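Sequential numbering of the sequence shown, starting at 32, is according to the working numbering.
These aren't lab readings, by the way, just hints derived from the structure by calculation.
Just so you know, not all the hints are guaranteed correct.
Claimed, not checked - Simulated crosslink set (EDC-like; lysine to aspartate or glutamate; CA at most 20 Å straight-line):
no., residue 1, residue 2
1, Lys-139, Glu-76
2, Lys-128, Glu-76
3, Lys-128, Asp-118
4, Lys-132, Glu-76
5, Lys-81, Asp-172
6, Lys-81, Asp-118
7, Lys-109, Asp-135
8, Lys-171, Asp-159
9, Lys-85, Glu-119
10, Lys-168, Glu-76
11, Lys-138, Glu-76
12, Lys-169, Asp-159
13, Lys-128, Asp-88
14, Lys-33, Glu-45
15, Lys-168, Glu-157
16, Lys-85, Asp-118
17, Lys-85, Asp-121
18, Lys-126, Asp-88
19, Lys-52, Asp-41
20, Lys-81, Glu-119
21, Lys-169, Glu-157
22, Lys-81, Asp-135
23, Lys-126, Glu-76
24, Lys-33, Asp-162
25, Lys-33, Asp-159
26, Lys-171, Glu-76
27, Lys-109, Glu-76
These figures come from a predicted structure and were not determined experimentally.
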Amino acid sequence: MKLSAHDFADQMNEVMPVILKRFVRMQAEELNKGQITPPQILILEFLNRKGPSKMTDIARFMGTSTAASTGIVNRLVKSGYVIRSFDENDRRIVKIKINPKGLDLAKKISFNRRNMLINIFGRISEQDRFDYLRILKKIKDNLIEEGDQG
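Construct all of the structure, not just a fragment, from the sequences and the given hints.
Set out below in structure tokens:
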């Protein structure tokens, strides 16, 4: 069976909105309970993985300006999920660090997302899951490579 890149793109344009809408809806309950937005979740997960980070690193990860990321981080600070700390050697350098409340939320969201994925992907074969993950990893690597070149 042949599938041109154009036909593939057309079919993906039909499939992806449905998938994304369902994923967002499944996580919406958690988002609404904590009054937290998807960009805030991304930053919490980034800080959980990378540890204390400068605003420039957060902005680079988010693909936004430092000012835009600062606004998101300000809301996380106000909500009590992260704290600002100053570099011991250079007080001009501010680092953002996830605190225990933010860590608990990040873990809870990750746990809920994991269960959601188990529920969804538990309905397809192990081989299909393997193939899907293999392809997604290739896409991720290509996106990272493109980002490094741009």
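Is the hinted pair Lys-81 and Asp-172 satisfied, with a Cα-Cα distance of at most 20 Å? 19 Å, holds
Holds or violated: Lys-126 and Glu-76, Cα atoms, limit 20 Å. 15 Å, holds
Going straight from one Cα to the other, do Lys-128 and Asp-118 come out at no more than 20 Å? 12 Å, holds
Has the given pair, Lys-128 with Asp-88, been kept, meaning a C-alpha gap of at most 20 Å? 12 Å, holds
What's the verdict on Lys-33 and Glu-45, does the C-alpha distance respect the 20 Å limit or exceed it? Given pair Lys-33, Glu-45 holds - Cα atoms ~18 Å apart, limit 20 Å.
Hinted pair Lys-169 and Glu-157, Cα distance within 20 Å: 18 Å, holds
Given hint Asp-88 paired with Lys-126 - CA-CA distance at most 20 Å: 10 Å, holds
Between Lys-128 and Glu-76, does the CA-CA distance stay at or below 20 Å? Holds: Lys-128 and Glu-76 sit about 11 Å apart, inside 20 Å.
Taking 20 Å as the top limit, are the C-alpha atoms of Lys-81 and Glu-119 close enough? Status holds; Cα separation ~19 Å.
Measure nothing beyond the straight line between the CA atoms of Lys-81 and Asp-118; if it is 20 Å or shorter, mark the hint as holding. 16 Å, holds
Hey, Lys-85 versus Asp-118, does the alpha-carbon distance stay inside 20 Å? Roughly 10 Å separates the two Cα atoms, so the pair holds.
Hint consistency between Lys-169 and Asp-159 [alpha-carbon to alpha-carbon, up to 20 Å]: 15 Å, holds
In summary, this structure violates none of the numbered hints.
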